[in-house]
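Protein chains in written order, with the working numbering: chain A, 257 to 511; chain B, 454 to 609.
Hints listed in this document are in silico derivations from the structure and should not be mistaken for laboratory results. Just so it is clear, the structure is predicted and the values come from calculations on it, not from any experiment. Heads up, the beta-carbon is just placed ideally off N, CA and C, and yes, glycines get one too. Any given hint could turn out to be false.
[Unchecked claim] Selected chain A positions facing chain B (in silico; Cβ < 8 angstroms):
id, residue
1, T259
2, Q297
3, K298
4, R370
5, A411
6, M414
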Amino acid sequence: MATTSISLIREMSEAVVPPRALWVPFPLGRPLGAVDDSEFQKNVMRAAFSLLDTAIKPTIEDYEIKAPHDDLNENWSCPLNLGPASSDALSERLLAEVAMLRPWAIETRHQRGRTLFGVTGAGEDQIDDLARAFASIADAGDVISEPVVDGISWAFEMPLLLRHMADDLRTFYHEAIAAQPGDSSPDHDDLNRWIFSETVLGETLLLVADGLTEASDMPMAELVRGLLIPEGHYNGGSAFPEQVDFPIGQQAPAD
Amino acid sequence: MVRLSDLHPVEAEHLLKRAKDMPAVGPGDWVTPPSVEEATVAIVSTAGLHRRIDPPFTVGSLDYRLIPGDTQFDDLVLSHISANFDRSAFGEDPNIVFPIERLRDLASSGEIGGVARWHYSFMGAMPDPSQFEQAGEEIGRLMANDGVDIAFLVPI
Chain A
257 MATTSISLIR EMSEAVVPPR ALWVPFPLGR PLGAVDDSEF QKNVMRAAFS LLDTAIKPTI
317 EDYEIKAPHD DLNENWSCPL NLGPASSDAL SERLLAEVAM LRPWAIETRH QRGRTLFGVT
377 GAGEDQIDDL ARAFASIADA GDVISEPVVD GISWAFEMPL LLRHMADDLR TFYHEAIAAQ
437 PGDSSPDHDD LNRWIFSETV LGETLLLVAD GLTEASDMPM AELVRGLLIP EGHYNGGSAF
497 PEQVDFPIGQ QAPAD
Chain B
454 MVRLSDLHPV EAEHLLKRAK DMPAVGPGDW VTPPSVEEAT VAIVSTAGLH RRIDPPFTVG
514 SLDYRLIPGD TQFDDLVLSH ISANFDRSAF GEDPNIVFPI ERLRDLASSG EIGGVARWHY
574 SFMGAMPDPS QFEQAGEEIG RLMANDGVDI AFLVPI
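Working from the sequences, and respecting the hints, build out all of it.
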């Protein structure tokens with residue numbers, strides 16, 4: 257089987273030595289470069305496929321064309337006002353924040369006709385249940401006991417479930433702000449700065465990460481902390497432990 | 454730009470260490486496909502992509518999920534474990550990660566021979582890609598039986 261590939265991290269492709277790789281100048285999460293730009297995406301693919309005609313030995317070719325609008329996201333700020341700080345309990349504040357975002361998340365789902373929310377097993381209308389459960393875990397610091405929520409059969413076991421609860425919440429937030437036109441779209445760094453400096457969700461995520469630190473004797477606790485918090489956002493550094501024991505060959509839990 | 458110098462320094466350091474520790478799995482046997490205009494192409498993704506009915510991926514998953522060529526985008530989700538990319542681009546336009554509509558476009562215009570019936574998805578973020586050897590050989594055999602000439606490997 258002949259292969260050709262997209263490379264996002266050149267150093268990794270150099271280590272692995274694939275037969276044909278096109279190293280693209282796009283951020284992680286965007287291997288074809290530009291959303292809703294079929295010609296741009298096809299040109300990336302044409303370049304990758306052309307290696308099948310031209311390469312006669314393992315080749316990593318640079319793709320020099322930047323994605324359109326690549327530099328237009330500077331100075332992005334969230335167009336939604338999430339309200340003043342309050343002294344309410346964490347779960348109440350998180351639920352209030354979710355309530356403010358809800359109309360916009362619904363609008364994005366309506367426009368797209370789809371959502372990425374629900375990988376945890378939560379239904380599309382169970383964002384409140386998910387947020388309440390996640391805030392309770394953060395408040396109690398209990399990262400061991402599986403949260404019990406009526407109507408949700410979790411797709412993951414603890415502690416990995418925490419990482420996917422966080423992602424379902426982040427997805428809800430991202431889908432909410434996607435409905436706001438603004439002058440530019442936020443990139444990964446913008447979204448992280450927003451979540452961790454302006455939202456109750458960011459505060460909640462860090463409390464759960466602290467709970468995982470406290471539970472470091474628990475298998476996978478520190479690894480899950482690294483999978484929960486993007487690099488650079490846990491006490492200004494990495495949430496991964498110094499030594500990562502990466503389990504290999506695991507299966508998802510059976511239904 | 455995904456140059457390590459453009460990433461958060463903590464992430465860049467992490468990825469560079471990963472790259473240094475990563476064993477080579479190639480070069481393998483060199484395979485020359487038929488001309489691209491005549492070739493059937495399948496996508497192999499490492500985005501942790503799957504249909505909602507499929508079991509999600511977990512940390513260190515070595516198995517794969519099938520994505521039929523006629524899968525609708527509203528049926529696809531990601532259970533990739535990394536927090537170091539955002540899902541917003543995939544949410545906006547799934548072709549940016551899984552370019553199945555673009556493959557169909559290229560087939561319609563005669564730039565590729567055809568689109569495979571089945572596509573495949575794995576969990577990325579694997580420190581040692583050689584762990585995928587068994588599953589990789591298996592899907593290579595399956596794709597060959599399905600008339601696929603080219604596997605287009607797309608990371609996230």
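Quiz item: With a cut-off of 8 angstroms, does the beta carbon of R370(A) approach a beta carbon of chain B closely enough for the hint to hold?
Solution: Interface hint status for R370(A): holds (4 angstroms vs cutoff 8 angstroms).
Exercise. Go through the hint on A411(A) and say holds or violated, using the shortest Cβ distance to chain B against 8 angstroms.
Key: At 5 angstroms from the nearest chain B Cβ, A411(A) passes the 8 angstroms test, so the hint holds.
Quiz item: How about K298(A): closest beta carbon in chain B under 8 angstroms, or not?
Solution: 5 angstroms, holds
Self-check item: Residue hint Q297(A), partner chain B, criterion CB-CB below 8 angstroms
Solution: 5 angstroms, holds
Quiz item: At a threshold of 8 angstroms, is the proposed contact between M414(A) and chain B supported by beta-carbon distances?
Solution: Not OK, violated: M414(A) not within 8 angstroms of chain B, min 12 angstroms.
Quiz item: Are T259(A) and chain B close enough, Cβ to Cβ, to be under 8 angstroms, as the hint says?
Solution: With a minimum Cβ separation of about 5 angstroms from chain B (threshold 8 angstroms), the hint on T259(A) holds.
Violated hints amount to a single one, hint 6; each of the other numbered hints is respected by the structure.
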